[in-house]
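Input sequences plus hints: build the corresponding full structure.
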Amino acid sequence: ATLVFSGPDAPEGALAAGTRFIMFSGMVGACGIALRSSLPVIAEVQDGPSAIFAIMAAAIYATDGIEEDAKLPTVEAAILLTSTASGALMMGLGHARLGNIVRLLPSPVTGGFLAGTGWVLTSGSFKVLTGLTFEPGNVLAALHSPELLTVSLPGVVLGLALAVGNRKIGKFWVVPAFLLCGTFLYFAALQLG
Numbered sequence: 001a002t003l004v005f006s007g008p009d010a011p012e013g014a015l016a017a018g019t020r021f022i023m024f025s026g027m028v029g030a031c032g033i034a035l036r037s038s039l040p041v042i043a044e045v046q047d048g049p050s051a052i053f054a055i056m057a058a059a060i061y062a063t064d065g066i067e068e069d070a071k072l073p074t075v076e077a078a079i080l081l082t083s084t085a086s087g088a089l090m091m092g093l094g095h096a097r098l099g100n101i102v103r104l105l106p107s108p109v110t111g112g113f114l115a116g117t118g119w120v121l122t123s124g125s126f127k128v129l130t131g132l133t134f135e136p137g138n139v140l141a142a143l144h145s146p147e148l149l150t151v152s153l154p155g156v157v158l159g160l161a162l163a164v165g166n167r168k169i170g171k172f173w174v175v176p177a178f179l180l181c182g183t184f185l186y187f188a189a190l191q192l193g
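If you read the sequence shown in the UniProt record's numbering, its first letter stands for residue 1, the second for the next number, and so on.
Hints listed in this document are in silico derivations from the structure and should not be mistaken for laboratory results.
For every residue, glycine included, the Cβ atom is placed at its ideal position computed from N, Cα and C.
Take these hints with a grain of salt, some might be off.
[What the hints assert, rightly or not] Ranges between beta-carbon positions, derived for each pair:
id: 1; residue 1: M90; residue 2: A34; range: 15 to 23 Å
id: 2; residue 1: L140; residue 2: I101; range: 38 to 46 Å
id: 3; residue 1: L143; residue 2: G94; range: 12 to 20 Å
id: 4; residue 1: H144; residue 2: T2; range: 23 to 31 Å
id: 5; residue 1: L39; residue 2: G193; range: 38 to 46 Å
id: 6; residue 1: E67; residue 2: F184; range: 39 to 47 Å
id: 7; residue 1: Q46; residue 2: F187; range: 24 to 32 Å
id: 8; residue 1: Q191; residue 2: F24; range: 40 to 48 Å
As structure tokens, then:
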């Protein structure tokens, strides 16, 4: 939510409203899939599309022709419409049994999309952890600033622990357990500090 609903041109209260929007959407999606799926699955909001939504939201926020109090509903409507259209397209491809059509995408296109998504997610993560934009000068400043290192180090450690723990242990409970432990440690540190 921070990646999509914050930024220099974001309206006041966009992050709080966007967080509610994402949480509600995730809950509805997870419940809908859990109730309608023939397979035992757990559904969650993916982070890949948030990179695309962030670019779309930044363009909407920067548009001068949209009134300030109409920008947030416009972003939410754009997310709703693109998600619905993508879902309808995927359902149509699945119904027509055209899942193998993805093989026709050239590898450079797929690689470029994944690289761009990774870049947007990395720069967004840096902004969430440090509050700075992802630029070479800011990265060097963050590495030499004890305050920024103190703030961002727990997030980096949790991310690395999740990645390593998920690969080494490989059980279904790793991600929820690590996130619960991270949340507990965060609030414990708040109480002690």
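We went through each hint and held it up to the structure:
no.: 1; hint: M90 x A34: 15 to 23 Å; in the structure: holds, 18 Å
no.: 2; hint: L140 x I101: 38 to 46 Å; in the structure: holds, 45 Å
no.: 3; hint: L143 x G94: 12 to 20 Å; in the structure: violated, 46 Å
no.: 4; hint: H144 x T2: 23 to 31 Å; in the structure: holds, 24 Å
no.: 5; hint: L39 x G193: 38 to 46 Å; in the structure: holds, 45 Å
no.: 6; hint: E67 x F184: 39 to 47 Å; in the structure: holds, 43 Å
no.: 7; hint: Q46 x F187: 24 to 32 Å; in the structure: holds, 27 Å
no.: 8; hint: Q191 x F24: 40 to 48 Å; in the structure: violated, 30 Å
Violated hints, in rising order: 3 and 8; the structure is consistent with all others.
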